[in-house]
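S.K.: If you read the protein sequences in the order shown, they are chains A and B. Quick note on numbering: the first sequence equals residues 1 to 345 in this note's numbering. Quick note on numbering: the second sequence equals residues 1 to 345 in this note's numbering.
Don't take each hint at face value.
[Unchecked claim] Below are the DSS-like pairs computed for lysine-lysine, each with C-alpha atoms no more than 30 Å apart in a straight line: (1) A:Lys-226 - B:Lys-50; (2) A:Lys-106 - B:Lys-189; (3) A:Lys-219 - B:Lys-50; (4) B:Lys-214 - B:Lys-226; (5) A:Lys-50 - B:Lys-124; (6) B:Lys-226 - A:Lys-50; (7) B:Lys-251 - A:Lys-25; (8) B:Lys-231 - B:Lys-214; (9) A:Lys-189 - B:Lys-106; (10) B:Lys-50 - A:Lys-50; (11) A:Lys-127 - B:Lys-124; (12) B:Lys-106 - A:Lys-106; (13) B:Lys-219 - A:Lys-50; (14) B:Lys-254 - B:Lys-219.
[Unchecked claim] Some, not all, of what chain B presents toward chain A, calculated at C-beta under 10 Å: (15) Ala-42; (16) Gly-133; (17) Asp-237; (18) Val-258; (19) Glu-261; (20) Ala-262.
[What the hints assert, rightly or not] Over the 12 Å line for every Cβ pair with chain B, so calculated as not near, a few chain A residues: (21) Thr-34; (22) Asp-227; (23) Ala-262; (24) Val-264; (25) Glu-301; (26) Lys-305.
Just so you know, the hints here were simulated from the structure itself, not pulled from any lab data. Since the structure is predicted, the reported quantities are computational estimates derived from the model, not experimental observations. For each residue, glycine too, the CB sits at the ideal point set by N, CA and C.
2 protein chains.
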Amino acid sequence: MSEATHTTPISQLGEFALIDHITQKFSLQNSSSTHGVGDDAAVITPTTGKQLVVTTDLMAEGIHFDLMYTPLKHLGYKAVVVNISDIYAMNAEPKQITVSLALSSKFTVEAVEELYEGIRLACKNYKVDLVGGDTTSSYSGLVVSITAIGEVAPEELVYRSGAQVGDLICVTGDLGAAYLGLQILEREKRIYLEHPDVQPELEKSQYLIERQLKPEARKDVIRFLKDNDLKPTAMLDVSDGLSSDVMHICKMSKVGCVITEATVPVSEPAYQTALEFNIDPITCALSGGEDYELLFTIRPEDETKLNGEDTFSVIGEITDTLQGTRLLTKGGNYHQLTAQGWKHF
Amino acid sequence: MSEATHTTPISQLGEFALIDHITQKFSLQNSSSTHGVGDDAAVITPTTGKQLVVTTDLMAEGIHFDLMYTPLKHLGYKAVVVNISDIYAMNAEPKQITVSLALSSKFTVEAVEELYEGIRLACKNYKVDLVGGDTTSSYSGLVVSITAIGEVAPEELVYRSGAQVGDLICVTGDLGAAYLGLQILEREKRIYLEHPDVQPELEKSQYLIERQLKPEARKDVIRFLKDNDLKPTAMLDVSDGLSSDVMHICKMSKVGCVITEATVPVSEPAYQTALEFNIDPITCALSGGEDYELLFTIRPEDETKLNGEDTFSVIGEITDTLQGTRLLTKGGNYHQLTAQGWKHF
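Same shape as in the complex, but just chain A (with noise of 0.2 Å):
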């Protein structure tokens, strides 16, 4: 809320006249938005022959978000972008967005509008539509729900339930990062909390931070994909973390795998940001989380399809259930991997 020198009260406003605000900034990009805003419902006319993936993610303020030091422009991309990620992990393209936000009275007019420069800026990146939402307040904090909707040819799709034995593990990007921003920030708001006159150095840091508060979604790597025709057998995005993650594609799989954890891609500034707060940095990759990275498996005589492009690390193999799910460590031990949910309740 930097540039606000105005603050408008959303009840000056009113309802109607804050959607109408907002929306107005929207224009339908793809054909197959028919009618956005403005009716009961939108209206999406499918390409003949497609299927459609539909995906929701909801993020609450103190749960998903500190607005301490989350800026809402931020806030409104990365709530996009998380939907978009999921559509990606399907193999996907997506095309619609609706917003549903619950917003506290201390919300005004210009913050709203940061908020949705954020969605507006993630859609106009992703070429996606916003074509319906509902606004209303709320006594608690914000709340913003998603729902993206994608459209892909059903030969294309990619469930999590593909992978055979001996598929090779595939990781885009590298993991941990954002984990580490999160960490980097909560330090600064208790150094902040206790002392606001000291001014934070986060430069150094910049990478980390960003990861955490204005990820991206992994478009290109959808589109190699395609122009190199290589179809995963699953994929999934990494929200929970690799650990979790690589566990949800063996369940629906009904395999096992190993994961050679010298191969898990950790970039150098969370390599080192990891030794500082003294966690191994492999735990950050693994149960970090919010990398949105794509995580997939392939066939092993596709792996030459993958161009040593330095985006994919191959870091481990499908093996039969009776294995397990296990991390193959440096010293060469084997352990299980163990799966974290919400860390919340």
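Go by the hints and put chain B onto chain A.
M.R.: Just chain B now, kept in the frame of chain A:
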């Protein structure tokens, strides 16, 4: 939570087990629901030639419901119905929903089961599939965010924007009852808080309370319209109140209207209870909202197709825009209608 003899903290079960536990009670019933819960996204195979309609509604504790007098099962049911009602308002058939929940730590596994029992019942009654969702914790109250998807042939679709001068304005059922049901529940809550030993007398108000706590969407009306080859020129569902909602049609259709007070349907219990509360019954119908009846316009020559069915009331006429949006009172005077959005901010 009446029958809950066990209380299991959600933390005991964990996120993934909770989702498995709840979704196993749901099965897919529509042929277009290709893949439901369990992957990054659900998969829908649209019927060839059909369009999809998408709507979303968010309900927040303290704003849209008070858990002191709202059974969780009813809440789950209503949260589905208000979305499905929007699908019918497009003259479409609801097919799928996604459900996102933010739950504070006071919720037990049994409470979540109660909520989903209502969702399941609504899915069964309206032949809709639960295909996805997101369940997270919340530091504040309960938030239920639902997205519904429906299907419609392009030529059947009815927007808000098609009303023309001379069209008749029709509404189904009766109006104002849900608002009065809420007033009764609020009154009983105040009495209970002051005198916890006084038993509430809710029997004679049963109709009104049910309209508030467990509304139904007018599936029967959509079928009637189809069976009688009657396509409205514009339609929406009465969620904000007749006044706001008829003004939505007028704004989108660029027309005016006159509503005849004497013809606005108010049930006998609503009428009596309004007087008891010293409110003009027509005010409840105009501004109460949450009736989830269908408000639509038809060409005058189509009036005979209503077959004199007593669920339909012809309550006014579309005029040109210069005449504004007016109410013709029982006393023969004209008043401007006024819109109300949120009462919450």
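S.K.: Next, verify each hint and record whether it holds.
M.R.: Evaluated hints:
no. : hint                  : verdict
1   : A:Lys-226 - B:Lys-50  : holds, 28 Å
2   : A:Lys-106 - B:Lys-189 : holds, 28 Å
3   : A:Lys-219 - B:Lys-50  : holds, 28 Å
4   : B:Lys-214 - B:Lys-226 : holds, 26 Å
5   : A:Lys-50 - B:Lys-124  : holds, 27 Å
6   : B:Lys-226 - A:Lys-50  : holds, 28 Å
7   : B:Lys-251 - A:Lys-25  : holds, 20 Å
8   : B:Lys-231 - B:Lys-214 : holds, 28 Å
9   : A:Lys-189 - B:Lys-106 : holds, 28 Å
10  : B:Lys-50 - A:Lys-50   : holds, 12 Å
11  : A:Lys-127 - B:Lys-124 : violated, 36 Å
12  : B:Lys-106 - A:Lys-106 : holds, 25 Å
13  : B:Lys-219 - A:Lys-50  : holds, 29 Å
14  : B:Lys-254 - B:Lys-219 : holds, 28 Å
15  : Ala-42                : holds, 5 Å
16  : Gly-133               : holds, 6 Å
17  : Asp-237               : holds, 6 Å
18  : Val-258               : violated, 22 Å
19  : Glu-261               : violated, 24 Å
20  : Ala-262               : violated, 28 Å
21  : Thr-34                : violated, 7 Å
22  : Asp-227               : holds, 22 Å
23  : Ala-262               : holds, 28 Å
24  : Val-264               : holds, 21 Å
25  : Glu-301               : holds, 25 Å
26  : Lys-305               : holds, 22 Å
Of the numbered hints stated above, those contradicted by the structure are hints 11, 18, 19, 20, 21, listed in ascending order.
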